[in-house]
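K.L.:
Residue numbers (full-length UniProt numbering), protein chains in the order written: chain A, 1 to 325; chain B, 1 to 375; chain C, 1 to 423.
It is worth saying that the hints were derived from the structure and are not from the lab.
One or more of the hints may lead you astray.
[Said to hold, decoys possible] Not the full set, but computed from the structure, chain B residues with beta-carbon under 7 Å of chain A:
#	residue
1	GLY66
2	LEU67
3	PHE115
4	SER118
5	GLY122
6	ILE137
7	GLY175
8	SER178
9	GLN179
10	HIS204
11	LEU211
12	ARG213
13	GLN214
14	THR346
15	TYR347
16	VAL348
[Said to hold, decoys possible] DEER-style ranges, computed between Cβ atoms:
#	chain 1	residue 1	chain 2	residue 2	range
17	A	ASP47	C	GLU46	29 to 37 Å
18	B	GLY227	A	ASP47	44 to 52 Å
19	A	CYS96	B	VAL13	50 to 58 Å
[Claimed, not checked] Within a straight-line C-alpha distance of at most 25 Å, the following computed SDA-like cross-link-like pairs (lysine to any residue) qualify:
#	chain 1	residue 1	chain 2	residue 2
20	A	LYS46	B	GLU369
21	A	LYS181	C	THR219
22	A	LYS46	B	ALA30
23	A	LYS181	C	VAL66
24	C	LYS235	C	GLU309
25	A	LYS46	C	ILE44
26	A	LYS46	B	LEU364
27	A	LYS46	B	ASP284
28	C	LYS345	B	ASP284
29	C	LYS345	A	ALA271
30	A	LYS181	A	GLY191
31	A	LYS110	A	GLY62
32	C	LYS369	C	GLU416
33	C	LYS406	C	HIS396
34	C	LYS345	B	ALA366
35	A	LYS181	C	GLU416
36	C	LYS369	C	ALA172
37	C	LYS406	C	THR374
38	A	LYS46	B	ALA341
39	B	LYS128	B	ALA30
Even for Gly, the Cβ is constructed at its ideal location relative to N, Cα and C.
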Amino acid sequence: MTTLTLAKALNAGLRRAMEGDDKVVLLGEDIGRLGGVFRITEGLQKDFGEQRVLDTPLAESGIVGTAIGLALRGYRPVVEIQFDGFVYPAYDQIVCQVAKMRTRSGGQWKLPIVIRIPYGGGIGAVEHHSESPEAQFAHTPGLKVVTCSNPVDGYWMLQQAIAHDDPVIFLEPKRLYHSMKAELDPALEPGPLFASRVVRSGTDATLIAYGPTVQTALAAADQAAEEGRSLEVIDLRTISPLDLAPVAASVRRTGRAIVVHEAHVSFGVGAEVAAAITEECFHSLEAPVLRVCGYDTPYPLSRVEHEWLPTVDRVLDAVDRAVAF
Amino acid sequence: MSDLIQLLTTDGVRVEDPDVAFAPDAALLAEHGDEAGVLRAMLRDMTLVRRFDNEATALQRHGELGLWPPSLGQEAAQIGAGRALAAHDFVFPSYREHGVAWCRGVELVDLLGLFRGSDHVGWDPAEKGYAPASIVIGAHALHAVGYALGVLHDGAVGTGDAARDTAVLACFGDGATSQGDVNEAMVFAASYNVPVVFFVQNNHWAISEPLTRQTRIPLVQRASGFGFPGYRVDGNDVLATYAVVQRALEHARSGQGPVLVEAVTYRMGAHTTTDDPTRYRTDDELEVWRRRDPIDRLAKHLRATGAADDAWFAALEAEVEAFGTDVRTRCHAMPEPSALASFDETYVEITPTLAAQRAEVEALLALDETAEVAR
Amino acid sequence: MADYLLPDVGEGLTEAEIVGWHVAVGDTVTVNQVLLEIETAKSIVELPSPYAGTVEELLVEVGQTVTVGTPIIRIDDPNAPAVEAPPRPEDVAAEGPETLVGYGPRETVSRRRRSGAASGSVLAPGHRPPVAPPAPAARPLASPPVRLRARELGIDLNQVRPSRADGVISMADLTAAPAATAPEMPPLKDREYREPVKGVRRMMAQAMVESAYSAPHVTLTVEIDTTHSVDLVRKLRQDPRYAGIHFTSLLLMARACILALRDHPELNARWDGEAITFRRYVNLGIAAATPRGLIVPNLKDAADLSGPELARAIQQLTETARDGRAQPADQAGGTFTITNIGVLKVDSGTPIINPGESAILAVGAIRRKPWVITTKDGSEAIAIRDVVTFSLSVDHRFIDGAIASKFLAQIAAYSEDPSGLGL
């Protein structure tokens, strides 16, 4: 049992995936000698060589497009996009090519590619470094989208995503890379990849979060408990496909649901979750499903980013409104 | 051509080039008296920009900036290019062109806002002829081409009227030349023969990746593949860079189309303050480039030729120190941004949805204030 | 004097190890002189000094891992601007520093766009994999209009027997149900429950017990017409010297206490059983209710600050506490405390003195009240005024009622007529 940060857990997960399958290759900018700007691939080029850990030219479309070809040749490419805001030059390759290759081949080809993207804000960064693009990919048939909220999940989910035969967008909450630590027992058997999980039980309302906002939701539940209110927290983990069963079971008990994410509120994951809950749990709802999310502006200047991001207070405020409805 | 154009050696000795000569334009000469005056002014430019850059790096360590991309070592490339521009030319920079910004009359302290997280852009791009920093690598090369296409359609090239003929300068680095956008920009520029100068500062490193990861040939040779001329210049030689960019801009303004300038220089500092270059490059390499320092070489030249004496250097040093202090003081005093601004800046006219969200944030901010009263 | 707070040197790093100091206590340092080396998760970095002056204290040791925002060195720099915390992630990690988040006590208001009333139609989820059917223990099933009607009629849906086969309560089922005769109490889940005491709450408990059982407390109260103070706050908000600063009448109360403590140094002193330590400085504590409990960060050397500096310092202190960034150092070394119980809509109380101090002032809610005033012609009249109550607790071991009363009278006078506060 070792205590690891999220960054180190992801590194360990990559290492184990590479040890287990020599077709696993990593591609990205600065991931070799430097170990990535967040050090997620630290030491891997040294140990596995330049053919398995490729420092690529500075071109995101090139990285993803090349990964497609590698996958068609039987490799399992794991792509690192340096920052969320830099995934868009690769958007065409991801949305038109990665997502559709299986369909375009009449179901003959499979494309086991993982695209890792550090995402989310709260680190005082400049523009294009704090984005949450999950809805753009979740809206694209052919892609699967998952995100971890803690080191233990990071370690296991990344290995499971690499072993999966469909392309997976793997979102990593960069705010937690170095700040969040947890004990990891590599001997344990992980749960399934595409499954949501209740991470705190409660009775009065259900908070649905993923990635960086799981911590926000848990902190809100802590505070609500002091005020005598019991909140259930669900870590979605998988965004596409959505694992609605634990969510619906929870909302049928609590009657109230609040979705919390950093991405813009409109047309986002929260909208999909709210629609799904309304369809599944209509007769159990005491209040409309509420969303506590980033606003519909480009990500703001870092000195005011905490007025923009979902905070414990905004979450509790939504809980108040749901209860008072 | 792949030969390096140089007009001032690392020892500060002026040398001739068969194609290019250092000939400051009339405006610079008028402003600074004579050629020696222009050289002194360029040394002052470089020294002030370096002091600013060092101060900004320190301010990041003081906790005043979230991030800073140092321009250390690239002063000659940037001042040479910047001083070659005419007032009505237009620049699309990346995020490291502090020296070019200085030449455009941008207050250097205003460059800090983006990295402090307190302001997007601290100047009027139209007034300064200097666009906001472009963080997404290479995207702005296409914008420069489009702007130049507009210049062309406006008939502002090839008229022979120096006050009218306009060029556009697109600044990016060696790493950016791998991006699709940059290559597409060159295709478009050639296709429409627009008045754009692609100014590549080849500083040898794209974060941790050496030049050889991006190219197997000198970058300048890419120009011929796209069908326009290219120059390769010693980017640590402010005279040569000025002369080459001056010629490239003239080429563009006169209606002959795009030009690529590869300024060969070196990023002496980290990629940004979050980077640790000791992980990927050697002290030996750094030492080679330290000996090619752009400021040292011009200072040597000015001393050797008697164009500047000890008193002049002492005055410069005093000015530079006061400048650094001023930058620090003004950084501390930069106003805090409003959390409501992004709602007003997203669209020309705020949408109903956004107006409602803006009201929500306003109410939350008011609650903050109430909570403060309560304490 | 200024503290250098450990900055985030690289996009979201939250801690660093101290590798080595380049300076020692007593050294004179210049701005940007390298002070120390730190190692982060990404690299080794030299930190240049933001201040010029004499090194007073190295606040962290080599080998220690400290979180971003922690004071690492204290430099005696007379020109230093107020220490400002660098932007840092409001991380709510499970481990690491105690995280206090929230806007503090407030009432819930509806700020959101409301959607229109839902229709009663049942949507068939045709494009989604079926999920598990409702568990038997699920809450009563009903559409929103039925729920609304039940609430209006005072009917508990748990008591209604659905007539539909799918178990959903219909509008017709409601009419058959008996109306509630009395408002129902929320069901008891358990007759008792225990919550472990830890963190800030545990610290608060210890401090309060220590204080209450060692220092005999005496509490005096006074009610004052504070209308002029309220007016002054409004005026100062238009004053360019205060532009960009958020402040409230707390600023005036703080200033009044600082001035009155000069004349009554006992209330700014500490009793240790053998001697009384008088202080020629005021570290003004301001009690803050946070989600994790009560904390009392203090403003160091508050008496040295001009009006706008004091206002800005209070703003920073409250923001820091609100954001959960208050560090232990912020809470240590206080000399006098103000607690604002007005937030709880309370007028007066018997506050307990913060350990190490000798007095605490509780400021009640400012209320509009009828008040007897003397008009210009000398006659008396009743007017509506802003009225506040001050409650002052003192350590009676060495502060007698006379001293405490004089202090209280002085701040009351300032509150009635704040023109002497020099703001």
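K.L.:
Are the hints correct? Go through all of them and say.
P.N.:
Going down the list of hints, with the structure as the test:
{"no.": "1", "hint": "GLY66", "verdict": "holds, 4 Å"}
{"no.": "2", "hint": "LEU67", "verdict": "holds, 6 Å"}
{"no.": "3", "hint": "PHE115", "verdict": "holds, 6 Å"}
{"no.": "4", "hint": "SER118", "verdict": "holds, 5 Å"}
{"no.": "5", "hint": "GLY122", "verdict": "violated, 12 Å"}
{"no.": "6", "hint": "ILE137", "verdict": "holds, 6 Å"}
{"no.": "7", "hint": "GLY175", "verdict": "holds, 4 Å"}
{"no.": "8", "hint": "SER178", "verdict": "holds, 4 Å"}
{"no.": "9", "hint": "GLN179", "verdict": "holds, 5 Å"}
{"no.": "10", "hint": "HIS204", "verdict": "violated, 13 Å"}
{"no.": "11", "hint": "LEU211", "verdict": "violated, 11 Å"}
{"no.": "12", "hint": "ARG213", "verdict": "holds, 6 Å"}
{"no.": "13", "hint": "GLN214", "verdict": "holds, 5 Å"}
{"no.": "14", "hint": "THR346", "verdict": "holds, 5 Å"}
{"no.": "15", "hint": "TYR347", "verdict": "violated, 9 Å"}
{"no.": "16", "hint": "VAL348", "verdict": "violated, 14 Å"}
{"no.": "17", "hint": "ASP47/A / GLU46/C: 29 to 37 Å", "verdict": "holds, 30 Å"}
{"no.": "18", "hint": "GLY227/B / ASP47/A: 44 to 52 Å", "verdict": "holds, 45 Å"}
{"no.": "19", "hint": "CYS96/A / VAL13/B: 50 to 58 Å", "verdict": "holds, 56 Å"}
{"no.": "20", "hint": "LYS46/A / GLU369/B", "verdict": "violated, 54 Å"}
{"no.": "21", "hint": "LYS181/A / THR219/C", "verdict": "violated, 47 Å"}
{"no.": "22", "hint": "LYS46/A / ALA30/B", "verdict": "violated, 58 Å"}
{"no.": "23", "hint": "LYS181/A / VAL66/C", "verdict": "holds, 15 Å"}
{"no.": "24", "hint": "LYS235/C / GLU309/C", "verdict": "holds, 17 Å"}
{"no.": "25", "hint": "LYS46/A / ILE44/C", "verdict": "holds, 20 Å"}
{"no.": "26", "hint": "LYS46/A / LEU364/B", "verdict": "violated, 50 Å"}
{"no.": "27", "hint": "LYS46/A / ASP284/B", "verdict": "holds, 22 Å"}
{"no.": "28", "hint": "LYS345/C / ASP284/B", "verdict": "violated, 70 Å"}
{"no.": "29", "hint": "LYS345/C / ALA271/A", "verdict": "violated, 39 Å"}
{"no.": "30", "hint": "LYS181/A / GLY191/A", "verdict": "holds, 20 Å"}
{"no.": "31", "hint": "LYS110/A / GLY62/A", "verdict": "holds, 20 Å"}
{"no.": "32", "hint": "LYS369/C / GLU416/C", "verdict": "holds, 15 Å"}
{"no.": "33", "hint": "LYS406/C / HIS396/C", "verdict": "holds, 15 Å"}
{"no.": "34", "hint": "LYS345/C / ALA366/B", "verdict": "holds, 18 Å"}
{"no.": "35", "hint": "LYS181/A / GLU416/C", "verdict": "violated, 54 Å"}
{"no.": "36", "hint": "LYS369/C / ALA172/C", "verdict": "violated, 52 Å"}
{"no.": "37", "hint": "LYS406/C / THR374/C", "verdict": "holds, 24 Å"}
{"no.": "38", "hint": "LYS46/A / ALA341/B", "verdict": "violated, 47 Å"}
{"no.": "39", "hint": "LYS128/B / ALA30/B", "verdict": "holds, 21 Å"}
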